[in-house]
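Q: The residues making up each chain are set out below.
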Amino acid sequence: MSETSLQITGLSKSFGGVQAVMDVSFSLHPGELLALIGPNGAGKTTCFNMLNGQLKPDSGSVMLFSKETVGLKPADIWRLGVGRTFQITATYSSMTVCENVQMALLSDRQQLMSFTRRASRMYRPEALELLKQVGIVEQEDRPCSTLAYGDLKRVELAVALANNPRLLLMDEPTAGMAPKERVELMALTADIVKERNLSVLFTEHDMDVVFAHADRILVLNRGKLIADDTPENVRNNPEVRMVYLGTETEEIAHA
Amino acid sequence: MLEISNLNTYYGRAHILTDLSLNVQRGEVVALLGRNGAGKSTTLKSINGLVQPESGSIVFENESLNRQSAHVVCRRGIGYVPEERRIFTDLTVMENLEVGTRPPRKEFPVWTPERVFEIFPNLAEMRNRPGGQMSGGEQQMLTIARTLMGNPKLVLLDEPSEGLAPVIVQQMAKTIHDLKREGLTIILSEQNLRFATKLADRAYIIEKGVIQYEGTMDDLAADEDVRNAYLTV
Amino acid sequence: MGFFIVQVLTGLSSAAAVFLVASGLSIIFGVTRVVNFAHGSFYMLGAFFAYTFTSHLTSVVGFWVAMLLSAIAVGLIGVVVEILILRRVYQAPELFQLVATFGVILVIQDLALLVWGAEDLLGPLAPGLDSTVNIFGTLLPEYDLALIALSLIVLVALWFLFNRTRWGCLVRAATEDREMVGALGVNQTWLFTGTFFLGSLLAGLGGAAQLPKGGASLLMDFEILAAIFVVVVVGGMGSILGAYLAAVLIFEFNAFGILILPESTLVLMFLLMAIVLILRPWGLLGKPEAPGQLGQVGPPELPYQSASRPLRIIGILFVCFLFSLPAFADDFTLVLAIEMLIMSLFAASLHFAMGPGGMVSFGHAAFFGGGAYAAALLVSHANAPMEVAMLFAPLMSGVLALIVGWFCVRLSGVYLAMLTMAFAQVAWSIVFQWDAATGGDDGILGIWPSAWASDRMAYYYLTLIASVGGILILRHVLFTPFGYAMRAVRDSAVRSESIGIRVSRQKWLAFAFSGFMAGIAGGLFVFSKGSVFPDEMAIPRSFDALIMVLLGGVKTLWGPVTGASVFTWLHDEISRFEYWRLLLGTLIIAIVLAFPQGIAGFFGNWWHRLRNKGI
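Protein chains in written order, with the working numbering: chain Y, 1 to 255; chain R, 256 to 488; chain V, 489 to 1103.
Isolated chain Y, as found in the complex (with noise of 0.2 Å):
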């Protein structure tokens, strides 16, 4: 087996005494699109938070390219190649398309606490490059505002690939879109992740997505983790079918 891109251990959380995750581990290999799937409250953000750093876990271990990331910042894990997404997307409203991937270059390039040139001129070129790669690079100085929300997470996916990143967390990233522009951003997304040979973790309640696009499925459920196996064996599995994708599986997953 190849080295791993991310290895989970025994992740725990609760929170007030409800246990949040329970004892979750997995791992990720490079250029290895991985879903993660379960109904509503099973811990897949909480998963998500904890392995960006938004959350400290109770116990277990993140291990991210060999390095142990429990406790650091979600910042400092950025710094070590890990590019977010948000299932809400998370922009900058009051600035153009091209500024809000040059404030990720800006920020790659410790250029924040520069008080000499305009921001708007700094890392154009690069920042263009960006997003003509995401497909939206005509609409470089449109305010981000006035996007159509499509737009904004291809704008999210050129913002989070800015510091090249070896890691993509992508929290539901198809979430309210249309079924069409799905399939067009996670084309894009494979071919991404084909071409600098990233990983991929993402949560998504879209089953088509997810039986199109993930190399492994694991199922969340209550916390602890039911499933870790191909698309196939876990569309397949009774339990899961039980606890999340109901009985008409077959006709949603082939439609």
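Because the hints were derived from the structure by calculation, they are not lab data.
No experiment lies behind these values; they were computed from the predicted model shown.
The beta-carbon is built from N, C-alpha and C at its ideal position, and this holds for glycine as well.
It is possible that part of the hints are untrue.
Now the stretches of chain R that chain Y is said to cover, found in silico as 3 or more residues with beta-carbon under 8 Å [to be verified]:
#1 287-295
#2 390-400
#3 420-431
Simulated crosslink set (SDA-like; lysine to any residue; CA at most 25 Å straight-line) [as the list claims (entries may be wrong)]:
#4 R:Lys429 / Y:Pro179
#5 Y:Lys56 / V:Val991
#6 R:Lys463 / Y:Ile88
#7 R:Lys463 / Y:Arg142
On the provided structure of chain Y, position chains R and V as indicated by the hints.
A: Chains R and V in isolation, oriented as in the chain Y frame:
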């Protein structure tokens, strides 16, 4: 029952809805299809008064709803279930229902907590639980239950399947089906065509604030061109 | 033993009135999202009404009913304010309601002066409670026990109201999501009016209850404001029980602190507040505030663009005009112009923090007055020349802002704003009480410019260059990566963290920079007046700056300069009249009602419509 004509709505300076017209008959489930940002939520909010349209008319049971605030629209009998659920997280299930409670109406079924719990049995088990400690699916149930307590004649359902696990989506479809059988009239905003197909009698497709298509669910199922143009499943 | 118990009870009774007023503030904010600056004024009115009612009605209805009637009277005044003014501006963006409540403060101040006169009034003793009780040998006024009982009765009554009645249930729901409550058929208008009645009534009750203990005076409004803000922040916004616990904690601390360190009770209180907020940033029983509840309302600002050519030319022409002003203006005009320039810089520094920085400060005068005092102290105690003192001023303000900011930037929205006010009040108290160094109430006099700048025209040029320079620097910083990072943190903290921006540090440095720039204005101010008084650090001065920024428009870069100029000029014109507060207050309220979207917002929309018609 509801007749909307030439509605125009703006957010600040952005023109969101353009000359939008639609109508709903009593007992119908009408689906409002379109992608995110197409104007579905704004249409529902324009009807219930959370957003004030710039021009156009909304007539409900032969009475105008133009420029009425949200509480008046609700009292006239239009219930609203927001996409973001907007449960009162500090309030218990019972208290959430209490906020939604309105006096009974003649000739329409009267909803009590007990009747609501028949439709949503798992809510009955958590009467005193704060809304903030419920899962997304349970919250979605509660937000519908809360609106039912207002004894509505027409319910505006904004993307009830969004962000829910498939198994919950199936339950939700069954629930809405039950409500339809109870005689409730529903406008259902959806992106999920499969979900809407199971429930709706007719559909409108909205894109960039303009109604692009109007027809029965069967017509829509037959019209591949339209589906490809606006829905492309 | 007796002494210990009496000390505990004294603390509890001092906490009583403050708890009543603070709970009212908390309830009003919870539902209407209006930080009612006039809440202290309602408290003051409660005491004045109680004075009148108890002296005329005690023989008719009895003392306690007269007290209750005064509380109800204040509640009704609150209703009048809500219906006539606030109801029309709930939809207004950017804290614009604050401006209206500030207008109400001014109006009430002068009306109270008209009705009750300038003299402090002594309250009657409560009948039957006018003696003392002996507790193991130590005496305690009976009335203190009555106050403790009153506060507990109100606490229980409020709990019952909010948890056992439909109205309370609706209020709690509206505190979370008032729009949704409306969509469920509840008439928000009357819910808001109802909460305003209740909140004002509680403030009035607090004032009335205070009358037999401390009398009634025209200074009560601002005196209590900082205390109730501290109580609300420490207790947790929206939590009635939290407000009670906080009031008790603070006043017990005070009651015992005074025994150990009689000179430093304020420092102790500050320490207590700091400790609580480090351990629990949202207060004892509070919950994190949802983002966007204060400050960022309405459509997002547009991306920054360099000034267009015509704008640049207008700007250059305007600066040329300012440079040529001494050629044709008389001395009075120059004095006014100097003040307008200084206030423009002060307002611009506040705008920097509260607009692009998203950190609303209710206590920015601490840095303005702090700079003024730093310069004055250096001159009066070390005989420093003006040039050195003027450089020292922003440095000290910057250091002060670093200290205050360290606590404040961990919070956001209204918590942050109230905390800045609490700190500013601590700074004010130090200046006010530390007679030996600061001259206390008498201020520091004889701070004159160096010989070369002592001529009015020379000082005008000095002010012009420093203020315009300062404003241009503030503007420039907004365009640099530092300014962008600050705006990024405001727009989305989670996104900023996830691209490696250190959110707290960025806010902290931005806050300090804003304080630093306010210090420049303070330094210029002290040498223009030749003196400095504690007033320059007091709450009204902080409010002035807020009003300037809000009137001008938070979302425009030139708004604060316009707002400061207009406000300073108005103030100057009006303050010649005897009842100028009444006039200014009415005028401010009129402006708010005429331009519910803010002056800048109004002209922005007007401009847009004009252009649309053309197309």
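Q: Hint by hint, say whether it matches the structure.
A: We went through each hint and held it up to the structure:
{"no.": "1", "hint": "287-295", "verdict": "holds (count 3)"}
{"no.": "2", "hint": "390-400", "verdict": "holds (count 3)"}
{"no.": "3", "hint": "420-431", "verdict": "holds (count 6)"}
{"no.": "4", "hint": "R:Lys429 / Y:Pro179", "verdict": "holds, 23 Å"}
{"no.": "5", "hint": "Y:Lys56 / V:Val991", "verdict": "holds, 18 Å"}
{"no.": "6", "hint": "R:Lys463 / Y:Ile88", "verdict": "holds, 21 Å"}
{"no.": "7", "hint": "R:Lys463 / Y:Arg142", "verdict": "holds, 18 Å"}
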